[in-house]
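Numbers 1 to 534, taken from our numbering, label the letters of the sequence shown in order.
If you're looking for bench data, these hints aren't it; they were derived computationally from the structure. The beta carbon of each residue, even a glycine, is placed where N, CA and C say it ideally should be. One or more of the hints may lead you astray.
[As the list claims (entries may be wrong)] Distance ranges between label pairs, derived from CB positions:
hint : residue 1 : residue 2 : range
1    : Val187    : Gly440    : 19 to 25 angstroms
2    : Gly345    : Asp486    : 50 to 56 angstroms
3    : Gln303    : Ala419    : 22 to 28 angstroms
4    : Asp486    : Ser226    : 46 to 52 angstroms
5    : Ile75     : Ala209    : 49 to 55 angstroms
6    : Val443    : Arg356    : 39 to 45 angstroms
7    : Glu460    : Arg511    : 24 to 30 angstroms
8    : Leu104    : Gly345    : 47 to 53 angstroms
9    : Pro484    : Thr305    : 14 to 20 angstroms
10   : Thr305    : Ala350    : 33 to 39 angstroms
11   : Gln303    : Arg356    : 34 to 40 angstroms
12   : Ser226    : Gly440    : 48 to 54 angstroms
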Amino acid sequence: MTLPPPSHGPTGSWSPARNPVDGPVQAPIPPLRPGEPVRVYGPPLPPESGTDVLFGAFWPDRDVPVRPALLAGAIVVGVLAAVLLPDHGVTSVAGLLVAAALLLAPLTFARNRRSPFTWAVGAIAAGLTSLLVLRAAGWLAALVVLALVPLVFSALSGARTVRDIAVSAALWPLSLLRAAPWAKRTVGTVRRLPIGWPVLRTLALCVAALVVFGALFATGDAVFGSWVQALLPRFDGDELFGRAALAAVVTVLAVGIGYTAINPPGRVLGPTPFADRRALKRFEWLAPLVVVIAMFAGFVAAQATTLWAGHDYVQRTAGVTYAESVHKGFGQLTVATLLALVVVGLTWWAAPRETRSDRLALSVALGTLCALALVVVASALYRMHVYQQAYGFTVLRLVVDAFELWMGLLLILTALAVALRAVAQLPRAAVCSAALVLFGLGVMNPEAWVAEHNVERFRESGKVDVDYLATLGPDARPAIAQLPPDLAQCAVRPRFSDDRSWLDWNLGRSRADAVTIESKRDTDACGDGRSTTR
1 MTLPPPSHGP TGSWSPARNP VDGPVQAPIP PLRPGEPVRV YGPPLPPESG TDVLFGAFWP
61 DRDVPVRPAL LAGAIVVGVL AAVLLPDHGV TSVAGLLVAA ALLLAPLTFA RNRRSPFTWA
121 VGAIAAGLTS LLVLRAAGWL AALVVLALVP LVFSALSGAR TVRDIAVSAA LWPLSLLRAA
181 PWAKRTVGTV RRLPIGWPVL RTLALCVAAL VVFGALFATG DAVFGSWVQA LLPRFDGDEL
241 FGRAALAAVV TVLAVGIGYT AINPPGRVLG PTPFADRRAL KRFEWLAPLV VVIAMFAGFV
301 AAQATTLWAG HDYVQRTAGV TYAESVHKGF GQLTVATLLA LVVVGLTWWA APRETRSDRL
361 ALSVALGTLC ALALVVVASA LYRMHVYQQA YGFTVLRLVV DAFELWMGLL LILTALAVAL
421 RAVAQLPRAA VCSAALVLFG LGVMNPEAWV AEHNVERFRE SGKVDVDYLA TLGPDARPAI
481 AQLPPDLAQC AVRPRFSDDR SWLDWNLGRS RADAVTIESK RDTDACGDGR STTR
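Make a model of the complete structure from these sequences and hints.
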């Protein structure tokens, strides 16, 4: 940098020249050399944590607001679960309260809470959680919990594509790790509050004084000790450890869900790797699709022949009874339906849709395949019905029927999406439809439905599997009571005790307790007396 020459005043003495620009003099910034790193001057950025390095741009943790209320709510939910669930179970009012508390706060604080998809998920989640008090089947409660996790996380993350929804189902274990820095910042913020930390410290001191002096007086005086035992629940060491572990697990899960609500991934996996696809020529995608359609049409023709010629035609042609043939082919038809959905998806991705003729050809071809696949679904459901009429009704077979019905619903939604060119909404519709099918299965009371149909089958054929009916829960007891007393007594579980609190209430158990089965023989005689025929 070159400075101006010194100037002299009127007396001839030297004085520095004035800078024409106010402020400090700065040297010009030299141009950067190729490959030279850029140096940025300013206040240092906060150091990245290990989770920031691990997640990177996949799930950034910048400018996420601290939410002390959300963190406190997660702790409250954990304590509530530890206090209620071990004593009252999941299928109870207590389980409903814990599930509602676990989902209510995240959906309230969610960044996507104004999205119609979030509202729809909230309504479906409310219906699913209500099954915890409507039905007493433990397996149904497990399915409800497993369905709620991907359903809620897909709404919180704003997932739209099939891949993003599949990844969002696995976000809940990742959210536990991603939320750790945020939880640490929130705790630090509470500690710096003029009121927050003193209040917490005072509460901790009060609890410590209560525990220490309460234990001393309870062990030193019999009357005071009896009062303490009447007020406090009785926990042994193992039970106390189990409750503490349950509280920790539920709290951490609630923190992860809450963090995902306020800081969802901007895009779960970024741009799809198939975005730069090369559209195939019409014959390239249409020829394989015509082959698939021809195979489905051949199957439909075979089913029409069977219905026209009767079951004797099957036995003469295939050498097996119709019940045996339908049992053998149900799995294959289910796989064929799944593959039909895959073929529809791949064809929609590969086929060009620029011109009207392209769109018309694609809609007609895919609509035809969906219609033929619906016939396959109907055939599979009819096959399962015939098999259950011959060999009995079970919960597993009913669940398989529900899955097949869901695939049929997916085919209808797919055909509508292709016709209306709304395929982008199909993944979310598929998730919601699956949850709705599960909700419908719970509303129809599956164990009671199975028991009722087995009782009806017994009236028609005199055959009943008492051993299987004995494995059903309280939901099936009113239907089993319609059997003759000697069989019903062997097929029901003992009645539940009547001394239950309102937190234990469950509609299925309440109906089961109201049913009285006449005892005509000793239950010890049921051991080898349970036969499939009367």
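The hints, checked one at a time:
no., hint, verdict
1, Val187 with Gly440: 19 to 25 angstroms, "43 angstroms, violated"
2, Gly345 with Asp486: 50 to 56 angstroms, "55 angstroms, holds"
3, Gln303 with Ala419: 22 to 28 angstroms, "26 angstroms, holds"
4, Asp486 with Ser226: 46 to 52 angstroms, "49 angstroms, holds"
5, Ile75 with Ala209: 49 to 55 angstroms, "21 angstroms, violated"
6, Val443 with Arg356: 39 to 45 angstroms, "44 angstroms, holds"
7, Glu460 with Arg511: 24 to 30 angstroms, "25 angstroms, holds"
8, Leu104 with Gly345: 47 to 53 angstroms, "35 angstroms, violated"
9, Pro484 with Thr305: 14 to 20 angstroms, "43 angstroms, violated"
10, Thr305 with Ala350: 33 to 39 angstroms, "34 angstroms, holds"
11, Gln303 with Arg356: 34 to 40 angstroms, "35 angstroms, holds"
12, Ser226 with Gly440: 48 to 54 angstroms, "52 angstroms, holds"
This entry does not satisfy hints 1, 5, 8 and 9, going by the numbered hints stated previously.
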